[in-house]
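2 protein chains.
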Amino acid sequence: MVKVIEGSPAKMGFRMPAEWEPHEQCWMGWPARPDNWREHAGPAQEIFARAAIAISKFEPVTLCASAEQYPNVYKLMQHQRNIRVVEMSMNDSWFRDMGPTFITRKGGPDSEQTIAGIDWQFNAWGGIYDDWSLDSDVAKKIVEIERIPRFPHKMILEGGSIHVDGEGTCITTEECLLNPNRNPNMTKLEIENELKEFLGVTKVIWIPRGLHGDEDTNGHVDNLCCFIKPGVVLLSWTDDEKDPQYERSVEALSTLSQSVDARGRKIEVVKIHVPRPLYMTEEEAGGVVSTEHAVPREPGTRLAASYVNFYIANGGIIAPAFGDKWDKEAREVLRKAFPDHEVVMVEGAREIVLGGGNIHCITQQQPVRPS
Amino acid sequence: MVKVIEGSPAKMGFRMPAEWEPHEQCWMGWPARPDNWREHAGPAQEIFARAAIAISKFEPVTLCASAEQYPNVYKLMQHQRNIRVVEMSMNDSWFRDMGPTFITRKGGPDSEQTIAGIDWQFNAWGGIYDDWSLDSDVAKKIVEIERIPRFPHKMILEGGSIHVDGEGTCITTEECLLNPNRNPNMTKLEIENELKEFLGVTKVIWIPRGLHGDEDTNGHVDNLCCFIKPGVVLLSWTDDEKDPQYERSVEALSTLSQSVDARGRKIEVVKIHVPRPLYMTEEEAGGVVSTEHAVPREPGTRLAASYVNFYIANGGIIAPAFGDKWDKEAREVLRKAFPDHEVVMVEGAREIVLGGGNIHCITQQQPVRPS
Numbered sequence: 001m002v003k004v005i006e007g008s009p010a011k012m013g014f015r016m017p018a019e020w021e022p023h024e025q026c027w028m029g030w031p032a033r034p035d036n037w038r039e040h041a042g043p044a045q046e047i048f049a050r051a052a053i054a055i056s057k058f059e060p061v062t063l064c065a066s067a068e069q070y071p072n073v074y075k076l077m078q079h080q081r082n083i084r085v086v087e088m089s090m091n092d093s094w095f096r097d098m099g100p101t102f103i104t105r106k107g108g109p110d111s112e113q114t115i116a117g118i119d120w121q122f123n124a125w126g127g128i129y130d131d132w133s134l135d136s137d138v139a140k141k142i143v144e145i146e147r148i149p150r151f152p153h154k155m156i157l158e159g160g161s162i163h164v165d166g167e168g169t170c171i172t173t174e175e176c177l178l179n180p181n182r183n184p185n186m187t188k189l190e191i192e193n194e195l196k197e198f199l200g201v202t203k204v205i206w207i208p209r210g211l212h213g214d215e216d217t218n219g220h221v222d223n224l225c226c227f228i229k230p231g232v233v234l235l236s237w238t239d240d241e242k243d244p245q246y247e248r249s250v251e252a253l254s255t256l257s258q259s260v261d262a263r264g265r266k267i268e269v270v271k272i273h274v275p276r277p278l279y280m281t282e283e284e285a286g287g288v289v290s291t292e293h294a295v296p297r298e299p300g301t302r303l304a305a306s307y308v309n310f311y312i313a314n315g316g317i318i319a320p321a322f323g324d325k326w327d328k329e330a331r332e333v334l335r336k337a338f339p340d341h342e343v344v345m346v347e348g349a350r351e352i353v354l355g356g357g358n359i360h361c362i363t364q365q366q367p368v369r370p371s
Numbered sequence: 001m002v003k004v005i006e007g008s009p010a011k012m013g014f015r016m017p018a019e020w021e022p023h024e025q026c027w028m029g030w031p032a033r034p035d036n037w038r039e040h041a042g043p044a045q046e047i048f049a050r051a052a053i054a055i056s057k058f059e060p061v062t063l064c065a066s067a068e069q070y071p072n073v074y075k076l077m078q079h080q081r082n083i084r085v086v087e088m089s090m091n092d093s094w095f096r097d098m099g100p101t102f103i104t105r106k107g108g109p110d111s112e113q114t115i116a117g118i119d120w121q122f123n124a125w126g127g128i129y130d131d132w133s134l135d136s137d138v139a140k141k142i143v144e145i146e147r148i149p150r151f152p153h154k155m156i157l158e159g160g161s162i163h164v165d166g167e168g169t170c171i172t173t174e175e176c177l178l179n180p181n182r183n184p185n186m187t188k189l190e191i192e193n194e195l196k197e198f199l200g201v202t203k204v205i206w207i208p209r210g211l212h213g214d215e216d217t218n219g220h221v222d223n224l225c226c227f228i229k230p231g232v233v234l235l236s237w238t239d240d241e242k243d244p245q246y247e248r249s250v251e252a253l254s255t256l257s258q259s260v261d262a263r264g265r266k267i268e269v270v271k272i273h274v275p276r277p278l279y280m281t282e283e284e285a286g287g288v289v290s291t292e293h294a295v296p297r298e299p300g301t302r303l304a305a306s307y308v309n310f311y312i313a314n315g316g317i318i319a320p321a322f323g324d325k326w327d328k329e330a331r332e333v334l335r336k337a338f339p340d341h342e343v344v345m346v347e348g349a350r351e352i353v354l355g356g357g358n359i360h361c362i363t364q365q366q367p368v369r370p371s
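Heads up: the sequence lines are chains A and B, in that order.
Here the working numbering is used: position 133 in the first sequence is 133, and no number is missing along the way.
Here the working numbering is used: position 48 in the second sequence is 48, and no number is missing along the way.
Any given hint could be a false lead.
[Stated by the list, open to error] Below, simulated DSS-like cross-link-like pairs (lysine-lysine); rule was C-alpha separation at most 27 Å, straight line: (1) B/Lys154 to A/Lys75; (2) A/Lys3 to B/Lys57; (3) B/Lys229 to B/Lys203.
Source of the hints: derived by calculation from the structure; they are not laboratory data.
Working from the sequences, and respecting the hints, build out all of it.
The structure is reproduced here in structure tokens:
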């Protein structure tokens with residue numbers, strides 16, 4: 001096997017499968033840094049573990065932990081039959097963004113390799129902490145463990161900033177991809193072309209802005225909306241016109257409704273209400289160790305909480321619950337959106353939001369290798 | 001999959017396959033500690049790399065390296081198609097001794113799991129360095145990566161202290177297994193019973209002593225002799241009656257010649273001459289950083305060098321060469337012993353001996369999982 005492949009994956013027949021296509025496994029990291037996760041990450045670890053165990057009921061999980069954390073995590077997971085714990089260094093634990101973007105192609109005489117991983121550049125979302133050297137190796141280490149070849153890329157991109165329908169369409173946000181802290185020397189057209197060449201898509205739909213309050217990621221699309229099937233997008237919504245989220249949701253609705261996908265379908269939008277505005281408490285902010293190495297966490301900050309930041313496992317939807325009055329409706333919307341999946345709501349997901357993301361952000365699916 | 005299995009592997013139908021049975025891959029570590037490997041392990045790393053590359057021509061290799069070493073090792077191996085580099089912490093790099101002992105059984109209605117790993121206790125050969133906490137987790141981490149269940153064991157044992165013929169016979173040395181720095185509270189009979197229950201053997205042949213000068217391991221059998229096929233043992237030999245090795249080789253010859261194996265075969269012995277006496281030079285010893293954490297390396301120490309410390313890969317024999325006049329004969333003996341294997345001699349293996357072992361000591365075969 002060649003370990004590193006140069007060139008255009010699309011031209012070699014690769015494409016990024018939709019998240020609902022069959023997975024071989026799910027990759028996750030393990031949170032630990034005390035300057036991002038309160039109380040030395042204890043509460044976050046509990047929720048990460050809960051998410052991993054929930055996913056493992058549907059597909060194998062690989063949970064990566066630093067050398068220091070390994071013994072704890074192994075012990076915690078030693079009776080979890082479908083979770084393996086693998087040692088891996090990291091600066092933080094957002095495998096959606098640091099992990100490889102897996103792409104696949106059908107096997108054939110000219111395509112011995114049917115799966116590969118795109119290894120984008122990573123700069124900690126424009127640098128919300130000052131050292132991401134270990135995070136930068138995560139994608140490489142993952143594909144190496146799987147003996148899967150790697151397409152290195154020069155562009156900075158996080159997995160959470162893109163969604164695909166598996167049929168040629170990508171959705172993303174201008175707020176993130178065109179942010180000067182990512183690829184200031186690339187034009188929108190150049191970025192779009194790279195997405196097409198690497199994800200195997202022919203159409204990119206640009207939504208102006210992401211979720212209100214999602215400043216850590218500069219508006220990742222995966223916190224605002226996602227495909228539930230080709231042609232249909234689930235969009236975070238609020239009916240509260242006074243909520244700054246309202247304007248953003250209306251804007252996205254407008255963009256999506258006026259778009260057609262790669263196959264010429266008009267995009268249909270399904271709304272899912274965001275939880276009521278949530279804010280970081282004094283106690284929560286106070287539990288984060290303040291250092292010069294990471295952006296501070298301030299009490300009163302609006303939390304970027306939404307229900308679309310879920311993970312689609314093989315036959316399961318692993319979605320965040322916030323103990324909010326909208327939780328119940330969210331579950332119903334997800335049930336209708338995914339009638340063939342079992343919806344599992346993970347209580348306590350607020351803990352992940354405090355660190356800057358949610359269940360989709362901490363997971364990375366590895367699709368089944370086509371034969 | 002159950003991760004941890006209690007009970008007797010032999011009673012569950014498991015046995016340790018002979019090293020010449022088909023492998024799925026070979027596991028190796030990466031040397032780094034400057035208080036054991038001279039010149040901050042640079043020369044040793046070169047030879048480990050050479051051995052890994054040689055093995056990878058015959059079977060996949062997994063090369064494990066600490067977080068600190070990972071970037072170097074990845075770069076070094078990035079064009080080696082059959083070598084994957086995996087992050088793993090370790091105190092030193094002797095995967096024969098720290099790794100799991102893989103055992104297999106035929107698949108059947110009551111045996112979903114056809115492979116498992118024995119996770120012996122490890123105490124750095126009675127404590128030649130003072131902290132082996134990371135080494136102790138290596139076996140666990142390896143089986144976890146492979147999603148293979150683990151039989152934890154309470155007895156201290158290193159993989160290099162046993163050899164099996166795959167047909168019910170184990171050879172070992174009293175010098176090592178009965179050394180009070182290993183399992184002082186166990187009798188010889190108790191140790192033998194554990195070998196039988198865990199390796200699936202019915203006969204243990206006890207050779208009194210290992211190779212002269214092999215004080216680090218207290219006379220591991222894998223530096224003195226090995227099976228080349230059932231019923232036939234290859235024994236390190238010298239014709240020089242003044243060499244202290246002579247007495248040990250004669251002693252082993254006597255023991256082996258008077259033994260019958262598990263199938264009732266009289267053991268046949270094939271001799272392979274050791275290299276001429278080799279001693280650690282002033283320069284070599286001087287290159288090792290002296291610390292309070294590891295036994296010192298003294299100039300003038302007799303090196304425990306022998307040709308039987310080789311690795312049997314799928315169709316290949318990866319054996320040490322010392323630049324000695326006996327190298328050529330060793331190659332011929334190995335060719336005759338393994339007519340269906342290609343013999344590859346690794347030049348510069350003296351470097352591994354300086355650290356306390358050789359090619360067999362730094363490798364661990366993972367057998368193919370029976371279907």
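Review point. Which earlier hints can't be squared with this structure?
Key: As far as the earlier hints go, not one is violated by this structure.
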